[in-house]
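If you're matching them up, the sequences are chains Z and B in order. Using the working numbering, you'd call the opening residue of the first sequence number 5 and step up by one each time. Using the working numbering, you'd call the opening residue of the second sequence number 5 and step up by one each time.
Possibly wrong hints are sitting among the right ones.
Since the list gives no way to pick out one identical chain from another, each pair is judged satisfied if it fits inside one copy or across any two copies.
The calculated lysine-lysine pairs, modelled on DSS-like cross-linking and capped at a C-alpha distance of 25 Å, are [claimed, not checked]:
1. K165 - K28
2. K28 - K133
3. K144 - K163
4. K144 - K133
5. K163 - K133
6. K28 - K144
7. K133 - K165
8. K165 - K144
9. K135 - K28
10. K163 - K135
Calculated directly from the structure, the hints in this document are not laboratory data. Note that this is a predicted model, so its numbers are computed, not measured.
2 protein chains.
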Amino acid sequence: MAETANPRRFTDFLRGLRAVRDFKRQPIPDDVVHDILEVARWSGSASNRQFAQIIVVHQPDSLQALSGVGGYAGHLRGAALAMILVMPGEWAEGETFDEGRMAERIMLAAAAHGLGASIGWFSPDGRAKAKQILGVPDPKVVRTAISMGYPARAPRRGKRKPLSDLVLEERYRP
Amino acid sequence: MAETANPRRFTDFLRGLRAVRDFKRQPIPDDVVHDILEVARWSGSASNRQFAQIIVVHQPDSLQALSGVGGYAGHLRGAALAMILVMPGEWAEGETFDEGRMAERIMLAAAAHGLGASIGWFSPDGRAKAKQILGVPDPKVVRTAISMGYPARAPRRGKRKPLSDLVLEERYRP
């Protein structure tokens, strides 16, 4: 599991992830999609419950329809595909957290293959419409859509607050 | 950003992450902690709001106290340190998702350095107690504690459902 030979090679990779929302018109090979899904499959989940399911959307008509249901999903329109996360809708807090974990894994696996990706969320109304479009029954939740494709241009550099604003000092009060 | 030279090297690494809860009595060098925090700093967040803050807990007394407040946090006891995620408590759904994303990054960055780590959640009661111990004011949320240290033994192999149960077929209903 552990990679100790060249840790910075991996942490540079982790740190380098940026959202990409403009894609080339170029399909993603099946074996690449499969490799990304295998990373998603091995994502961790609370008590190893493996809540999530994934719908891989390839059809341009479906991508177009999903991009317009509402929320931050317009970037689906030009994507080679989208991975839509489907959660059971039984434990909101735990499922939302695990959904974040899996989305991050999928983004990283895509980046490893030279793909760009972006996480989108459907609005409350958009979730209902997306479920209808995809034939997902209640009480399941469709909230997160990850668009994916070969980047049309280099992603922006990004911006983050300094480490001193992120890390709080330990204050133990026994 | 993109790594195309040897994608599988990275996706093997991503897929290989396992939770580790038994640690050696061996401190983690400061530069390694710093490198992991830099990965956390570059985690994505909804609309780049960068909600999260992190308290790095080193003191054995603090770790001991936190391990006992309630929830799935007993593994903090033997850890070299813990990274406690502090969220603003303003938007439950978005913060929970972003917390999952950041936790996953931290786990992966630790693994890159040959460290083991495990995500723990405090129970509702435990969250209040953990906030008291760490001096975190309302309305902030302390839910996730990531224990970290050099693994005492190889992690278990893990188990996941087959890809055919994870991935649903695309069903477009125009």
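To see whether the hints hold, each was checked on the structure:
no., hint, result
1, K165 - K28, "neither (31 Å within a copy, 33 Å between copies)"
2, K28 - K133, "neither (27 Å within a copy, 51 Å between copies)"
3, K144 - K163, "between (35 Å within a copy, 24 Å between copies)"
4, K144 - K133, "within (13 Å within a copy, 33 Å between copies)"
5, K163 - K133, "neither (33 Å within a copy, 34 Å between copies)"
6, K28 - K144, "neither (32 Å within a copy, 42 Å between copies)"
7, K133 - K165, "neither (36 Å within a copy, 28 Å between copies)"
8, K165 - K144, "between (36 Å within a copy, 19 Å between copies)"
9, K135 - K28, "neither (27 Å within a copy, 47 Å between copies)"
10, K163 - K135, "neither (34 Å within a copy, 29 Å between copies)"
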